[in-house]
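**Q** Between the sequences and the hints, there should be enough to build the whole structure, so can you do that?
Quick note: the numbering used here has the sequence shown finishing at residue 824, numbered continuously throughout.
Possibly wrong hints are sitting among the right ones.
In silico BS3-like links for lysine-lysine, alpha-carbon gap of 25 Å or less [what the hints assert, rightly or not]: (1) 419 to 329; (2) 279 to 241; (3) 443 to 329; (4) 716 to 279.
Hints are computed from structural coordinates only; laboratory data are not their basis.
Predicted, not measured: the structure shown is a model, and the values here were computed from it.
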Amino acid sequence: MTQYPQHHLALLAGGQTDGESRRYDLKEIFARMGVRRGTPDQLLDTLPFLGTDTTAGSETELQAAVRGQREDVDLPRAIEQSNYFANIVRRSRAGETPRRLITELEEFLAADREKVWENSWVRFPRRRLSPFADAVLRHDLLADKRRPEEGPRSDVSRFVLGSPAGEEMLRVPVSYLIKLALADAVGDEPSMSETVITTGRRLMEHYLSDNTSPETFSFHVVPLDPAAGLGRALARETAKRFLLTQLLTLYANSKFGLDESGQEALVCFAPHPPVRQKELNALISDSFYRELFMSPCLSGWDQGEKKHRYMHLCHQVLSRSQLHAVAKLREAGIIVNNLVVLPGVSNTSLANNGTHVSLGSRRLSALLGDPASGFGAAEEKVVGDLAIKAFEHFLPLFVGTWNAAPYRLAFADFHPEKALGFLPHQLDYTHLRMLWRRWRKKASLAVCGHSLTPFGPEWLDRPLSRMFGLKGDFVPDFRLIDYPVALLSTCSSPAFDGRLGNQERLKGDLADLGIFDSQMSLYLPCRQRQHAAIGFSGFEGRHYSLFPDLETDLGGAVSLQVLVTALAFKFMAQGSLTHRQIPDDPVSESERRQIFFGSAIGLPTFFVRRDTRNLFLRRILKRTRHVRASRRYPGYLRVLNHEYRRALLAVLLDDGADLVEALGLAETLRDLSQRLETPDRHAASDKLTRGILEELGARDPLRVPAREFNLAAEKYYRETLRQRQFAEGLALLAEDLRSLERQSREDEVCRRALRKLLPERSAADFLEEIRVDLLAGRAPQTALRTLIGLVVLSVDRDAAHAARTLAAPREGLEHGTPVHRAG
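**A** As structure tokens, then:
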């Protein structure tokens, strides 16, 4: 058993040593929060995250691609014209490197039947930009946007090119293309009102050039109201943001002449690094991979080059971390000899895409903004860390139900050093061994009763797979396995013990171990948003992958996130949840997270020590049916994942019954129950899988070769799902336009804006007239500009309504307006 100093044990108990005991006493902290426990109604009226206390925002990571011939699209051209390619050719001809290297790279460039180049940049003439868009470009090319006198970035030549015709060409990633399109469409357009122009310029900063993929974050803080469906409000804001992104992409293709030059930019939701990007990564150096795919960070950062260097650091650290994981697998006894397939020195995990949902509490934010409240950063940390530890037990309810990332692994992928990804850094060795054994059993990697994993050479593994019918596996949410989601604490630096600075200390420990870098943000499935750092107090859920439907699936997930967070605070206020009940040693942390990772893989069972120190987990297991002693692991309980998730739902329905009623979530929990009980009809993982299989004309993912299934998934996300979510956004916009037209009778600002855009026409009728052309991608440029203006006007009215709601005092407290931007 791990030994802790007395000071630490006091913290785990929810108390502190003499002199600071009041600071860490949960009863005292909740009294300072103004939480009244006299009656159930008083408790509900004063707890955070109930009623209209919750605000929300989301950040979405999207997948960009450019469709076109090899000779027209930037990515293949950049590869062929690179010094890297030229050097490989010269060295191959000189016999210094195998001819195979250049042959495989040439085959990659020639083999794309779909003519789709994921994460490619685009090229177009600079003269296509409006004067305002060109001014935005010049500003974004500054070395420091706060100090223009320092001049342009040192890498401007990457973005501004010459041409044989003497014309200046721009070369930019699609993430930045979207911002330029917004600047061009509304920045100084005469047909736009001042309201639309001002709001459009503000929205440009919500389109980030950060990682490999385009990122957007909420256009305004979204108040969540149970009367309006709680999480649906954020889902609608996200859907409208995605709609605007689609319109801007279509506008860029037309206005900047991309379609004329054989380029078609595409943007969609997709959770995994593209198959062909992974294959290219295996052919080139890590440095050249970063040159091709790491975003130059032109938008959203004052010092773009500095941020760009940070992204290089992230890629280098995660690539190195994957190599360190191999050593851990050997220490864990999973790799028992020297026969391994070493991961490459370049890792593609940063190309994974998800959605981050931040929840804020107006009550907590107001208390932290008032020095006289007695509720400060230390108290915020105590309750925040404990809420996150409790929340992590409920993570299996989200996986596969509301969101998913289906993926096929072939038999040849089942080298532990490849399949387990970053899990060696996220689970204790015991749980890692248990998970790996159970995963191999699920994937039927056995011949004549003996477990078999691939040997390494493809010429051996492929016939072996065919001979014995070893098909590999199908995983419901592989993004959570292929990405560092939840780095494990160390014995000396727990991440959630309630002490200020604990995560900074953990990052230092992980850096010393070669796993991480202290300059990077700590990867966690749920992260506290601290008032002193971000301007509001709340929590960010980072465990979401892909939602089949935004309003229903994302809306339901956000509502569930609010409910679980509120329940954690209720337990703390009642005294039934303390830090002592959820210990902070790495084994206990791994014990609760193995359930989450097992759910992502689709494992039917997990194992918990009979004498686990996690008393909160014990409470849940008491409600879990069919738990029995493990025959394989003495001293452990065998738990069915499905029954555990049923028990979690029972906790919400029983212990959180008053919260469910107060938040109006009875229907949401009925929906969740259906997703758990009949996943083949209602769960997100099955919805997405059915769509992918329809692309293939197949019924079973295991009867489709892994590469073929994963490529079909990408096509489904890029075409069918994108169109469906585009149509969903248009349907929501149609509702908003009808509301705007009614509102314009009394709102002079709205009336003037509508008349500027459509002097003699109904906005709703205009949308209906061009809907078919929009979905077919052939709407005229002028119509696109008008519709972009209507969406921006709708966002402006949404933001104004939200600001009025947030300005209203709650419970006598004054509240500022937080900015929900994920980190």
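**Q** Hints first: check each against the structure and report whether it holds.
**A** Here is how each hint holds up against the structure:
1. This hinted pair checks out: residue 419 and residue 329 have alpha carbons roughly 13 Å apart, not beyond 25 Å.
2. For the proposed pair residue 279 and residue 241, the alpha carbon gap of about 31 Å is over 25 Å, so the pair is violated.
3. Distance check on the hinted pair: residue 443 and residue 329 sit about 23 Å apart at the alpha-carbon level, within 25 Å; holds.
4. With a C-alpha separation of about 16 Å, the suggested pairing of residue 716 with residue 279 holds against the 25 Å cut-off.
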